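Asks: Spelled out, the chains give:
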Amino acid sequence: MKRDWKALLLRHETILLLVLIAEWVFFYYAGTSTNRRGVVVGFGTLDRQFDILRHSCEIGLLALALTPVIITAGIDLSVASLLGLCAILFGKFWHDAGLPIPVAIALTLVLGGLAGALNGTLITKLRLPPLIVTLGTYSLFRGLAEAITRGAVTYTDFPAGFLFLGQERWLGLPTQAWIFFAAAIAIWLLVHRTTFGRSFRAIGYSPEGARYAGLPVERRVALVYVLAGVIAAVAAIIYTARLGQAKADAGLGYELFAITAVVLGGTSIFGGAGSVHGTLLGVAAIAVLKNGLATLPVVMRMNAAEEMAGLLTGALLLVALTSSVIPKLLARWHTRPHVTVSPTLKPKSTA
Amino acid sequence: MKSFLRLWLVAGLLLGSMAGAQAASSKLIVAFLPKSKGNAYFISCKAGAEKAAKELGVELLFDGPTDSNAAKQNEIVENWITLGVDVIAVAAENREGISTALRKAQKQGIKVITYDADAMPDARSFFVNQATPEGIGYTLMDEAARLLNNEGEFAMITASLTAANQREWQKHIEARLKEKYPKMKLVAVRPCDDLKDKAQSEATAMMSANPNLKLIMSICSPGVPGAAEAVKQAGKTGKVKVIGLGLPSENRRYVHEGVTDTVVLWKTEDLGYLTIYAGVALAKDELKKGAKSFKAGSLGTFEIQGDNILLGKPFSFNKANIDQFNF
Amino acid sequence: MSRYFRELSVAGALIVVLLGLAVFAPAFYQPQPLLSLLTREAPTLIVACGMALVIISRQIDISVGSQFSVIGVCAGLLAAKGWPLGFVLLAAVGIGALLGAVNGVLVAGLGLPSIVVTLATLVTLRQGLNLVRQGEFVNLPDGLQWFGLSQSGGQWTLLIAALVILGLLGWGLRHVAAGRFVYAVGSDTEAARLAGIRPQLCTFLVFVFLGALTGLAAMMNLVQSPQVQPLSGSGLELKVIAAVVVGGVAISGGRGSLWGVFAGLLLLACIAPALIHLRIEAYWEKAIQGAIILLAVVADGVRSRRGGAKS
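Line by line, the protein sequences give chains A, B and C.
Residue 449 in our numbering is what sits at position 290 of the first sequence, and the numbering runs on without skipping anything.
Residue 345 in our numbering is what sits at position 181 of the second sequence, and the numbering runs on without skipping anything.
Residue 108 in our numbering is what sits at position 103 of the third sequence, and the numbering runs on without skipping anything.
Please note: incorrect hints may appear among the correct ones.
Computed list of lysine to aspartate or glutamate pairs in DMTMM-like fashion (alpha-carbon distance at most 20 Å, straight line) [claimed, not checked]:
1) B:K268 <-> A:D206
2) A:K251 <-> B:E260
3) B:K459 <-> B:D471
4) B:K271 <-> A:E377
5) B:K483 <-> C:D193
Computed from the model, here is a short list of chain C residues facing chain A with C-beta under 7 Å [said to hold, decoys possible]:
6) V121
7) A125
8) G133
9) N135
10) L136
11) W151
12) G153
13) L154
14) S155
15) W289
16) G306
None of these hints come from the bench; they were simulated from the model.
Owing to the predicted nature of the structure, the values given are computational and were not obtained by experimental measurement.
A virtual CB, placed ideally from N, CA and C, is assigned to each residue, including glycine.
Generate the whole structure from the sequences, applying the supplied hints.
Replies: This is how it looks when you write it as C-alpha cells:
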C-alpha cells in the first residue's frame, strides 16, 4: 500500500499537477490586485480564468491531436499549417461557394481528414520518416493557404450565430471550452479505454512486435494522422470563430506549443508511452504560465510578457525532460559494474 | 512536499502584497499596443508615448506581439481589461477582430483610442490618424513619379502578403498609379517577410529580371536598407532609385551615399506623443465627441475631422534633413 | 552508380531547372546578380554542411536559426565596440560552439530526444534575444564590410571560402576516421559502440561542430552588409533541413553526402529568383518549396521500396 502511494506521487503526471497548482497559486497571489476603481483585477478573476480557457482551446486541440501520433512514435509538424489551410477553406466554402455554415464546417472537417490521410499514406505506404513528410506538408499546407488566398484575401463578416462558438459563453463557460472538453474526453477514451487506442502504445514501442502480434500497424498509424487532421480542422473552426476572421496565417507557430505541451505531459517522443491526461495537464501548465506572466506588474513594466513566457516555457520543457531522465540515470549509476583490480591473483569468490 | 508548498504560498503572498501595493497608486494607467513590438517604427512611437506619459504623470504600459499577429493583440487587450487600465491605445492588425475586445473594454468604462491603424468606429472614441493609408500611398507614389519624371518601370517590396496595412498602402499606391501616372508601370511585387536579407535577394533578382527597372519602393521598413544594399552591390547606385517607408537610423548611411533617395515616415514620436495626450484627455473627460481641435502639450494644436485626430502629412527624410533625427 | 543515385538525381533536377531558366528567362544568367545570389547563400551552405553531419548521425537541430541570430547580434555588438575582425570571428565561432555544446550535452549526455531539446533551445534563444534587443538593428562600423576589401574581392573571398570548406568537409567525411564514425553512429549505435567508437562523444561533438559552423556562417553574413538585423536567422533551420533532405541525406541516419546537400541547396535557392524571372506570383513560393521536399522524400521512399535497400 505504501509503495503504491509513493509510485503515484512520483509519476510524471502527479509532479506536473503539483507544478500546475503551484504556479496557479503563485499567480493568484502575485497577479491579482485591486485597481483604481476598486475592482478586483488580474489573474484571480473569473473573467481572466475564462480567458485562459478560451485561448488554450486551439493549442489544446492540436496537442490532443498530436498525442496519439507521438505515442505511435511518429510526429506531425504540419498540424498548425493545416489549421491555417482549413480556416481558409472554411472561409472559402462559406463566402465564395455560399454554403450554409454547418455544411461548410462538415466539408472542412472532411478535407482536414483527407490532408491527414496524405500524411498517413506517405508515412505508411512509402515507409517515409514522419518528421520529413510532415516537414514537407508543413510548408505545402501553409503554401496552399497562401496561394489560394494570394496571401491577401481575408474572410470576415461571419454571422453572429457562428461567432457565438468562439466569443460567447454557453452554460457559464466559453463555448469552445465545451467542444474542447468533448474532444478531450473522446480522445482520452480512445487512447486509454479502447483496444484500438491501447494498440498505439504497442505500435510505438515496437512496430515489428505489434505486427507479429497481428495488429494492422499501417492502417492504425495512418488513421492516427487522419484523426490529427480532423482535429486540426476543428481547431481551425474555433480559431476563426474566436477572431472573426479566416486568414492564411492562422495558427502560425502553434505546433511548437502543442508539441511542448505533449512532451511536458510525459509522452515520450520516442513513442510507446504517454497519456492524454498528461497532455491536458501540459496544456494547462503552459496556458497558466503564459497568461499568468502577463498579469505580473514586474513583467508588464519590462514590456516582456511574450518573451518571458517563451523563455520560461523553453526552460520548463528542458527541466521536465531532464527530470524525466534522472530516474533512469540514477538506476544506471546504482547498477554500474564495480571493477576492482588487485595486484595478486585471488581465488575467485562468489559475490 | 507539504513544507515545499507552504514555501511557495509564503513567497506568493509576499510578492502578492508587493504587487497589490504598487497597483493601489492613483496614477492613470495608459496601455499602448503596437502592431509589432520589434518594428522600429513602433519603438519610436513608444519613445514619444513615454515622453508624453512623463509630462502628464501617468503610467504607461507598452506591450505587443513580436511579429504582427492579430490573435496575440486580442490576448494582450484582454489582459489589460482584466487588469483594469484606464485607457487602451491600439494600432489594430485586424480591424474586426480587435473590435470585439475593444468593445468589451469600453463596456467596463475603459477609454479606447486607436492610432496608426483603425478598428471599427463604434469600438473606439477617436482615431489618431498619422495620415490616412491613402495619404501614405499617394505620397509614396508621387515621390516615385517625381524621381522618375512620371515615366518608367518600378517594383515594390512589401513585408508579407497577408499584412493588412501593407495591403492597404499597396491598394492606394496602385490606385494613384492608374489615375495619375499612365506612363509608369509596376512590374513586380515581392514580400520580404520583414527580413532585410531577403529583401536584398528579392531586389537583386528583380533588377536582373527587369533590366529597365528604374526604382524600387519598399513599404516594409527593413526592406529599404535591404533594397539599398542590393542596388549598391549591383553597381546601380543612381540608376535604380530606392525609396520607402522606413526609419532614419536604419537608412542614414544609404541616404548619404546617394543610394536611397527618400525615406517617408510619420514623425512617429509625435504619433505616440499625440496618442497618449489624447487618451489621457479622454479619460479625464477633457476631450469630448464633436470637438474640432485638440491641443497636445508641446506639439501644439491638431485638427479633428469627425472622429479622426490628424497628425498631418507624412514626412520625407532625405539627404538634407536626415541627420536631424535620431530614431 | 547506384550508390550516388540520390545525389545525381538532385543534380539532375537542378540542371533541368537551370536549363529551363536558360530557355525561358535568360536574364537570370547575368554575372553580378548570380554572384550576389551565390554569396548570399554561402552562409546557408556552411550551416547545411554542419546540419548534414547532425542528421547523418541520426539527430536533428532545429535551433540553428536562433543560434545564427544570437551570434550575429553578439558579433555585431563586439565589432561595433571596436574589436578587430579576427577576434570577432573567433568569438563568433566560440559562441556558436558553446551553444552547440548545450544541445550536445542534453542530447548526448542525458539521452534526451534531439527534436525536443533543440525545440526548447530554439524558443529560449529566440525569445531571450527579443527580450534584450527588441528587434533593433546593430549598426556596424565602416570598413568592416567585405573584410575591408572591394565588393567583388569580398564576394569571391566568401564564395571560395565556402567552397573550400565544403570540399574539406566532404572529403573529410569520407576519408577521415572521425567522419566515418559519424556514419557509423548514425547507422547503428550499438554496432558502433562495439566497434570501439564512443557514440556519445561523437554525438556531442557533432552538435558542437554544427554550432561552430553556424558561428562561422553568421560572420560570413555579417561582412556582407553594414547592419545586422536580429531577426535575420529566422527560418534558417527550415531552409537548411530542406536542403539536406532534398540533397539525399536520410533522416533515419547513416546515409548521404555533402555534394547532394550542395545540389539541394542550389535547387531550393533558385526558387525565389526563378519565380521573379518567370513572373510567377510570390505566393506560390512556400507551396513549391513544400512540394519539392515531398517529391524528394517520396522518390526516396519509392526507390527504397523497389530496391529493398535500407533508406
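Asks: None of the hints should be skipped; say for each whether it holds.
Replies: Against the structure, the hints:
1. Pair hint K268 (chain B) plus D206 (chain A) holds up; C-alpha atoms about 12 Å apart against a cutoff of 20 Å.
2. For the suggested pair K251 (chain A) and E260 (chain B), the alpha carbons sit about 18 Å apart, so the restraint of at most 20 Å is met.
3. Only pairs whose Cα atoms come within 20 Å are accepted, and K459 (chain B) paired with D471 (chain B) is accepted, the gap being roughly 15 Å.
4. For the hint pairing K271 (chain B) with E377 (chain A), the CA-to-CA distance comes to about 55 Å; that exceeds 20 Å, so the pair is violated.
5. Restraint check: the Cα-Cα separation between K483 (chain B) and D193 (chain C) comes to about 63 Å, which exceeds 20 Å; the hinted pair is violated.
6. Evaluation of the V121 (chain C) hint against chain A yields a held restraint, the C-beta minimum of about 5 Å falling below 7 Å.
7. Because the smallest distance between the Cβ of A125 (chain C) and any Cβ of chain A comes to about 4 Å, under 7 Å, the interface hint for this residue holds.
8. Checking G133 (chain C) against chain A by beta carbon gives a least distance of about 6 Å; that is within 7 Å, so the hint holds.
9. Against a cut-off of 7 Å between C-beta atoms, the interface hint on N135 (chain C) holds, since the closest Cβ of chain A lies about 5 Å away.
10. With its C-beta approaching chain A no nearer than about 4 Å, L136 (chain C) sits inside the 7 Å limit, and its interface hint holds.
11. At about 33 Å, the closest approach between the beta carbon of W151 (chain C) and any beta carbon in chain A exceeds 7 Å, and the interface hint on this residue is violated.
12. Using the Cβ-Cβ criterion of 7 Å, the hint placing G153 (chain C) at the interface with chain A is not satisfied: the shortest such distance is roughly 36 Å.
13. The beta carbon of L154 (chain C) is not positioned within 7 Å of any beta carbon in chain A (closest approach about 37 Å), and the interface hint is therefore violated.
14. Given the 7 Å rule on beta carbons, the hint for S155 (chain C) is violated: about 38 Å separates it from the nearest Cβ of chain A.
15. Residue-level restraint check for W289 (chain C) holds (minimum Cβ-Cβ distance to chain A is 5 Å; threshold 7 Å).
16. Interface restraint check for G306 (chain C): the shortest CB-CB distance to chain A comes to about 3 Å, inside 7 Å, so the restraint holds.
Checked against the numbered hints given earlier, the structure breaks hints 4, 5, 11, 12, 13 and 14 and satisfies all the rest.
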